[in-house]
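Heads up: the sequence lines are chains A and B, in that order. Going by numbering that gives the first Met the number 0, the final residue of the first sequence carries number 528, and the count climbs one at a time with no gaps. Going by numbering that gives the first Met the number 0, the final residue of the second sequence carries number 528, and the count climbs one at a time with no gaps.
If you are wondering where the hints come from, they were derived from the structure by calculation, not from laboratory data. Note that the structure is a prediction, hence the values are computed from the model and not measured. Treat the hints with care, as some may be off.
The list makes no distinction among identical chains, and a pair is therefore deemed to hold if it is satisfied within one copy or across any two copies.
Restricting the straight-line Cα-Cα distance to at most 30 Å, the calculated cross-link-like pairs of lysine-lysine (DSS-like) are [claimed, not checked]: (1) Lys444 with Lys240; (2) Lys148 with Lys195; (3) Lys318 with Lys388; (4) Lys359 with Lys388; (5) Lys448 with Lys148; (6) Lys150 with Lys445; (7) Lys197 with Lys148; (8) Lys148 with Lys476; (9) Lys166 with Lys148; (10) Lys318 with Lys197; (11) Lys166 with Lys195; (12) Lys494 with Lys271; (13) Lys197 with Lys150; (14) Lys166 with Lys494; (15) Lys318 with Lys401; (16) Lys448 with Lys150; (17) Lys166 with Lys318; (18) Lys476 with Lys240; (19) Lys444 with Lys378; (20) Lys378 with Lys388; (21) Lys150 with Lys195; (22) Lys197 with Lys166; (23) Lys359 with Lys395; (24) Lys395 with Lys420; (25) Lys444 with Lys181.
There are 2 protein chains.
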Amino acid sequence: MMAKGGGINRNALSVLMRSRMRASAIAKETSMNPVDSVENAMADVMRWMRASIAVPTDRTESVDSNLRNFSQNYVGLSQAHRRELLLALAKVHDVNRERVRELMQQYLSLDVPQGSGGEGEEAGSGGVEHEGAMAAVYRTERSLRDALKPKYAVLFERLNEHPGGLKVLEMLRADLLSLLVKDNMPSLRALESYLKEKLVSWLSPAALELHQITWDDSASLLEKIVAYEAVHPIRSLLDLKRRLSVGRRCFGYLHPAIPGEPLIFIEVALLKDVARSIQEVLWDDPPTPEHAATCALFYSISSTQPGLSGINLGKFLIKRVIELVRREMPHITVFATLSPIPGYMQWLLSKLASQIKLSKMDPKTMEGLPESVSSSTFKENILLVEEEKRILDATKEDTGDKIAMEVLHDLLTSTRHQWTKSETMLSALQPPLMRLCARYLLKEKKRGKALDAVANFHLQNGAMVERINWMGDNSDKGIHQSGGIMVNYVYRLDKIEENAQSYFSTGHIHASSSLYKYLEITESLSSDR
Amino acid sequence: MMAKGGGINRNALSVLMRSRMRASAIAKETSMNPVDSVENAMADVMRWMRASIAVPTDRTESVDSNLRNFSQNYVGLSQAHRRELLLALAKVHDVNRERVRELMQQYLSLDVPQGSGGEGEEAGSGGVEHEGAMAAVYRTERSLRDALKPKYAVLFERLNEHPGGLKVLEMLRADLLSLLVKDNMPSLRALESYLKEKLVSWLSPAALELHQITWDDSASLLEKIVAYEAVHPIRSLLDLKRRLSVGRRCFGYLHPAIPGEPLIFIEVALLKDVARSIQEVLWDDPPTPEHAATCALFYSISSTQPGLSGINLGKFLIKRVIELVRREMPHITVFATLSPIPGYMQWLLSKLASQIKLSKMDPKTMEGLPESVSSSTFKENILLVEEEKRILDATKEDTGDKIAMEVLHDLLTSTRHQWTKSETMLSALQPPLMRLCARYLLKEKKRGKALDAVANFHLQNGAMVERINWMGDNSDKGIHQSGGIMVNYVYRLDKIEENAQSYFSTGHIHASSSLYKYLEITESLSSDR
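Here chain A stands alone, though its shape is the one from the complex (with noise of 0.2 Å):
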């Protein structure tokens, strides 16, 4: 059943299943084109986009009626030819900086009334005279706006018109994201960037769809939730259906201009208390009756569309799922989530790596360096004493004369993960860990904001970080993002817009006392070395 060249053949959900499919495989479904009318197809492609940039906007019926030979044809060209194509409408279609030149020479020989566009003046002020003079600046400005559009601006603009458009700039920008990360070329950088500026404004938060996902949905939208599913891959028909039924509920973001497709999906699990593990969410056996809930668990937020990266179409999503839990079921009062801390053991091991560096350095190769930046600036004690002597002691055979970073940073980066089966190195490594995820989570900011993505997900909605939990997720991802570790989220209603009102003004990350309570350990024993 399965179709050569990655495809997949639409209705067979269940065939599906078997073989789990990524998401790429989802893109070239109709990528089959035969190589021979490849050349055709490009041809094509380049002639509509020449014409539909060049015909006035009353006129595009008939190159409008080309829009899906477009679409079908540029789906079918092959990387090559889509980076020619692109390279083409960033430069060939590019602004006529000519008409820019000109208009500008026009604009500052232009006499703009005293004090127009300042901040301080009044409304009203000024009289007829004033506004006659404005009315020439005006247009000016205008026409400036106008000449400042790329040409392919158009072409943008009659996509994002048609039906099936939007979904073709988004496979655009799909395109150019994946060029630009081998190549960035200024003119592309520039096509990409205008693209997603158009992107942003025309994917309105506000004219996103909340549609609750259910077992009765089209296969066509359960294949791409189980595609697009992130956070904790869907292994099985069973598992999917687990998903959507009893005790679970997963919403949707749609687009009325991409039908059938969710940009964005959230999962919950309805349940008695705050889960700690994935494990007991994805196969709790039997389920909580949902008259028993009491907490509406966020367990699963995955985006579907990689040409929609960096666009925020998250916003609300959370709000509007809680009002929606809480209107169809009141005894649900608790609102929390399970979420991964997808860039902790990245910032962990890089930490342990330049602190290993620091401290293996000759002292002397320091003394010529002025002492703003000798080693004492950087150098840092990440492990404290007490967890230093139990990682030495739990791998003692074999670490040689290594330190206690070293040996930790061996252990996190081994294959297989070995140190998550032996008792003794868990519980030796659990309060570090624990410790510094406390500390990664609450302290370590990146303009301002929370370092971890998922994290200032949360913060900016609202919420506040409730609790840490050792191998919440012990699946190979798991442990390989963030040591096993997971963490709990709470939205708390009478909290959310204060949350994110201060830390939007501020910065401060909101978190219960047990997570403080990890920060001062290092405190309180740094200090007594």
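Start from chain A and add chain B according to the hints.
Relative to the frame of chain A, chain B by itself:
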């Protein structure tokens, strides 16, 4: 049950029907703030506006939570206060012109690589250095695009991304449009034109959802259908129910960000034949059984939002309704309209007035003029000799020495349309009014497109002019607009694309032979003179 101040009780649909409501009543519905709170509301609105423009986009939560207040307060403001507010927006929160000039100087001093942005350039030309020099150009253009945005753009963007915000933007534009009628200030015009541009971009036809409106829809939605039906007013509850039940369909375009309020809606009657008069459509009894219908007749299209006027929301609407009806009822093979001709009388009366003037001019006064502007250049035989004779015969007694064109002009502008009450008059007027109507529809153009707005709408969509119908609408409004004549446009499924395309490219209006016959009458009789 009627609230004071023009407001209506939302749920009292049947009460509403007894005293027909006007669209303006819905808009005023919530404007019943006590007078003493108006000043506070104004202050609040101003404060929120300032704040929401000043706060950076990623720190907006606190501002956004006050959005609901803003819209409630705005609705409560008087015309004068709204004017004050819009003026403040236009003037105080305008383009930062100092910044624009600064960036322009910077841009003009940049070294733009040769040929960049030209039409002829091939993709991939220029080397790494070229790209390097371009980076600064792209960056400055981006900054210029940002700087050329008026500061109020931020307010619009914020409103657009919030549930309910699009509706507020629509209200702002409606107010701007009505202010501009009285006072065409450049600053307000610039504000309106910027807002229109944004609304066009945000209200993509691809994001509109086709919804069949039925008797099961909410009273608050049906209330809007009653209020906004602009073509053939709905007179009673029975009339409304009739338009939604057997043999009838009603479809609306809904935007997800403006829930419960169709932006535009279309009414369809399922009939045996293409109807000739609106009377037989609205009061057919018994209705054609649906299985016996072969024709879907579009008899009314109305848009509901004054603030979206001039924005083409009807694109795709007819096409999508046709697709839907065909799928549901394959036995329907004819898709036609019964449409008003809103501009006919206005055109005819002004034509008559100018010809009367010309024909009364003393030939001597023309002598001094160059031949090219002599009366013969402008003079036209609007009426044929035979037609003139019949008009004068029918009204012999009381016309004195008036010429036939004057008599016709007087009849058409007489109060209460007396001419429609006399059989003699009707039969005297029918031939010239029908003939001139054909000419108006097929020959009168403005910038290459049909002068009549409704004709232009259907021709753009790919319809052809099929038939004109004497006394197709004998209501006061019908007589006043078009001498009671209505027109059938027909959508031939196999010709839609072709017709639309040739209308766009050459301005050719497709019409049936019966329409063209009217034009031939003119020519053959004229040449007899």
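Inset, instruction - Classify it for me, Lys448 with Lys148: is the Cα-Cα distance of at most 30 Å met within a copy, between copies, both or neither? - result: Intra 33 Å, inter 28 Å, cutoff 30 Å: inter-copy only.
Legend entry - Within, between, both or neither, where Lys395 and Lys420 count as close if Cα-Cα is 30 Å or less: Within one copy only: 17 Å inside a chain, 113 Å across chains, cut-off 30 Å.
Inset, instruction - Classify it for me, Lys150 with Lys445: is the Cα-Cα distance of at most 30 Å met within a copy, between copies, both or neither? - result: Answer is between; shortest inter-copy Cα gap is 28 Å, intra-copy 36 Å.
Inset, instruction - Check Lys166 against Lys195 for me: Cα-Cα at most 30 Å, and say if that holds within a copy, between copies, both or neither. - result: So Lys166 and Lys195 pass the 30 Å test inside a copy (13 Å) and across (25 Å) alike.
Inset, instruction - Go through the copies and call it for Lys476 and Lys240: within, between, both or neither, with a Cα cutoff of 30 Å. - result: Answer is within; shortest intra-copy Cα gap is 23 Å, inter-copy 60 Å.
Inset, instruction - Pop the pair Lys150 and Lys195 into one bin, within, between, both or neither, using alpha-carbon distances up to 30 Å. - result: Answer is both; intra-copy 16 Å and inter-copy 21 Å each pass.
Inset, instruction - Using 30 Å as the alpha carbon limit, work out where Lys444 and Lys181 are close: within a copy, between copies, both or neither. - result: Only inside one copy: Lys444 and Lys181 sit 28 Å apart there, 55 Å across copies, limit 30 Å.
Inset, instruction - If the cutoff is 30 Å on CA atoms, where do Lys318 and Lys197 land: within, between, both or neither? Let me know, please. - result: For Lys318 and Lys197, both the intra-copy (25 Å) and inter-copy (27 Å) Cα distances are at most 30 Å.
Inset, instruction - Have a look at Lys444 and Lys378 and pick one of within, between, both or neither, based on CA distance no larger than 30 Å. - result: For Lys444 and Lys378, the Cα distance is within 30 Å only inside one copy (19 Å; across copies 81 Å).
Legend entry - Intra- versus inter-copy proximity for Lys240 and Lys444 (alpha-carbon distance at most 30 Å): Intra 39 Å, inter 62 Å, cutoff 30 Å: neither.
Legend entry - Alpha-carbon proximity between Lys166 and Lys318, which holds within one copy, between copies, both or neither at 30 Å: both (26 Å within a copy, 21 Å between copies)
Legend entry - 30 Å Cα threshold - placement of Lys476 relative to Lys148: Neither: 44 Å inside a copy, 45 Å across copies.
Hint compliance for this structure: hints 1, 3, 8, 15 are not met, and every other hint is.
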